[in-house]
Amino acid sequence: MGTRLDWLHGIFPALVTPFDPKTEEIDEEAYRRLIRHVLPYVDGVVTSGTTGEFPYLTRAEQRRLVEIAREEVGEKKVIAGCGASGTAQALALAQDAREAGADAILVVTPYFLHPSDKEVYQHFYDIATRVDIPLILYNIPQVVDAVLPRNVVEDLADLPNVVGLKDSSGDLTYTLEILEYTGDRIDVLVGHDEVVIAALAAGVSGMILASAQVYPEIWREVYRRVREGRLEEARALQRRVQKLSRIFCRHGGGVAVKAALNMIGIPVGPPRRPLKSAGGALIHETRAEIQLELEKLGKIRAEEEPIEYPGGPLEARFGDLELTPEAIRAHGLRLGTGSAGEGVNRVQLDLVAGRKETPLGDAYALQLTYPLHGREALTTILEPGLTVRPATLLLPTLPQKNLRQANMIYGPTQAALARAIVDALEAGIVPPSAADEDVMIVLATVHPKALDRHALYRNVYQAARAAIEQAYAPAR
Amino acid sequence: MGYKTDWFRGIYPALVTPFTRDDRLDEEAYRRLIRYVLPHVNGVVPCGTTGEFSYMTLEERQRAIEVCLDEVNGRAPVLAGTGCPSTRETIQLTRWARDAGVTGVLVVAPYYLKPTFNEVYDHFRALDSLGVPIVIYNIPQCAGTHFRWWTAEGMLLDLENVVGIKDSSGDVPFLEALFEKVKGQVGIFVGHDEIVQAALAAGCDGAILASANLIPDIWQTIYRATLEGDLATAQEWQAKIQKLVRIVATCGPTQAVKEGLEMIGIPVGVSRHPILRGGSFRREDYEELRMQLEILGKIPQAEVVYDLGGRQVTTRVAATPHTPRHVSGWTLRVGEGFAGPPFHEIAHVDLLIGRRDGPVGRAVARAMEGWGGERGLRIISERPLILLVPTVTLRTARQRQLFYDFAAEGILMAVRQNIENGFLPEAALDDLALIVNAFVHPAASIGRRVMLNNYKATVQALRKAIEGRPTLEQLFEERASARHPFRYAP
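Chain order of the listed sequences is A and B.
Residue numbering for the first sequence follows the numbering used here, starting at 1 and increasing by one per position.
Residue numbering for the second sequence follows the numbering used here, starting at 1001 and increasing by one per position.
The hints are simulated quantities; they were obtained by calculation from the structure and are not laboratory data.
Cβ atoms here follow ideal geometry from the backbone N, Cα and C, with glycine treated the same way.
It is possible that part of the hints are untrue.
[Said to hold, decoys possible] Here are a few chain A residues that face chain B, going by a calculated C-beta distance under 7 Å: (1) Pro384; (2) Tyr410; (3) Ala415; (4) Arg453.
[Unchecked claim] Covered stretches of chain A (in silico footprint by chain B; criterion: 3 or more residues with CB under 8 Å from a CB of chain B, positions within the stretch not fixed): (5) 233-247; (6) 356-369; (7) 388-396; (8) 416-429; (9) 432-443.
Please put together the full structure from these sequences, using the hints given.
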């Protein structure tokens, strides 16, 4: 019969393993700082889990992490990740963990050679019967490429040392099936940051999460409120961190968590190779997205950036394109402006349109030769391969400081502008002849903090429609 | 006990079903298509997967099969697709086809509700009583069920009227198991265009192929060379068409084949919805398919006049119905191209082409007199004059290497190729200037992919600028379905 531990509930961050940026050696001081950072909010910590890059750690390193954690956590608990693809290695790690003072071990489904059910069972059986330490089973098909079979868990739950299962699959049908068959014998912990509330409501005992080292206090509150039956409040709390949790789960894992920790002043260095700090599984655009989400949570101080929307006479706003009011009048260029939205979602578009033979044609060609860092002009497209007509350049008025900001311009802003142009053409607001004969340049002012892509799309569409209607109004 | 027939061998195109603009069966186009393929093939398949059988009513399938039978007129076997999700409808259509005089029927594994092996077996057993030769059809990528070799073996050897199997899975171990179990007793056809030469060499009796609508003659060459034991010739041809058939097999075969046929002058309309232009068969796939057909000499040549403002240049190019025969407006023509994956090695090219004495030429001159050097601009060709501009500021030595060595080489490859094929006519090179603004992601790694993606993106951008694509009609048709890749949150 499995045993329940009296302490296996609550919040357990799956700690990253800090490395020195140059040598890739474990940075022990950074590890201690990380543990002290999370300790007030958690019930224990997990060393060398998936987030801790365990497959890249030596046996000696994993033992050292347990020792450090033991020294730092005081009365709280240390769960030692003891994952390996082979049974002998897992046994050795489990023995080390016990000697180094771990309170329990976390053992992942054996991976790489895809053992069968009976081989998987024997793996866990050997560890649970040969090393006397509480054992938590660990299902994470995203990296193991196999699900820990429920019928194997059912039998393992009868072993005295097997005390729990961590389910990182995010597959609630699996979680509920495990609860159904073993919930009376062992504790189930959720390991997928995106489904915490649902899993807690379904009856899991706690959580082992990567994100619990970035916002442990939020998970603490979510946990408490679900237990008190205050689900509305718990949902609202989880919604605040849903996007970040999704990024941690699906867009870079431990790498993304490390990026976040480095941003909030808990330096943990880079991952070990072949993983890249950014530009691999964690793309630069998403890294910038993490930064903004952390600002929203108040984890990073947000720089106030008052921005100025272009004002004054419309015809004087195109000086950067070498289009003076006189030239605009002399060549009969069409102008329009539109704005929409409030606060950081406010956008303003100033548009100039006219025939290719006018100085606007020269301005158009010149812009594509003029890469001004952060203010690159791009051809407006509905999607790659669907260039709008009249050919239109989209030019941000404010410098784009990172790829996320650039992404807001060259993503939702561009898509909405493109749609507005094609709609206006189909509605006859822009005459068909203009499709070949004209070009347009649109100066777009989008707040650097704009985050809501859907709102941005809507506002740009509305502003663009107004600007186009003004420019192509029949009575000019 | 199944048996092996003489007629079930060789190359069979899985005919597309032409539709008119108002979405009815286009019988005339269907007949033209059959006349185009018939001299090169051993049989035809109306209403297969490529024929969009799953989007057609039973009546429409019957009519298509009738037209096919009439046009073929006994000159080749007609193997009609009669599979439906339910046994009841499959029997109904198969009985009709038998009475209409088809040579055999091609029956797909019953799909969608995922019947178990014994249910699939009994489905075919029920058909067996109709007395018409049956080819069972394994296509797990669409049907969602994959025969195991033991199921196939049972159906092939137990049922009296089964004459063979078509396997479109591309799963070579499965094919090898079939050779082991049933070779010589029934016909074994491959249906996956990418592995045909290997499958024929390994022992397949023939192939039923989507791409055999487009290149029936080349498939016949490969088939015959293999029969004669000339593997070198067969391999050489398969390698020549590999890119083409990969596009057809993996990028939405119905639309790919239909747009390909349009390019070579056999208009058959478009696929039925939900399949769209620019959907699974993406715009970049269109351009690549076109280039492959062009290289194989399948796209007819036409004269095109470039009106360069006071001077006309005539050129001969491989022209599709969308290539204008007269191109003016060389003040400024705009084209854009995109190619990927992988993500970090995508290429996005904004291209301007125009007269040297117009806005493009003037901009090139001003840029090089002014900020060109300090901002990393380079003239990479004098004839035509080409200014290469990095979209994103190059910060590291690696980024500069990827941009100037790899991206630039890809762009030049595209230009050289289009000089050779006439889209950039020699006589116009002194008049023309280009600005190529190319995006290389700061985190790009794989140089060769950067080069090839920039080559592809530049071909697209150049052709689109010259031909004035996308057309307004296309923009209006696709504006609602457009999915901008950077529009959504992570």
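Taking the hints in turn, this is what the structure says about them:
1. Pro384: Interface hint status for A/Pro384: holds (3 Å vs cutoff 7 Å).
2. Tyr410: A/Tyr410 check passes; min Cβ-Cβ to chain B is 6 Å, inside 7 Å.
3. Ala415: 4 Å, holds
4. Arg453: OK, holds: A/Arg453 within 7 Å of chain B, min 5 Å.
5. 233-247: holds (count 3)
6. 356-369: holds (count 9)
7. 388-396: holds (count 3)
8. 416-429: holds (count 6)
9. 432-443: Since 5 is at least three, the answer is holds.
In summary, this structure violates none of the numbered hints.
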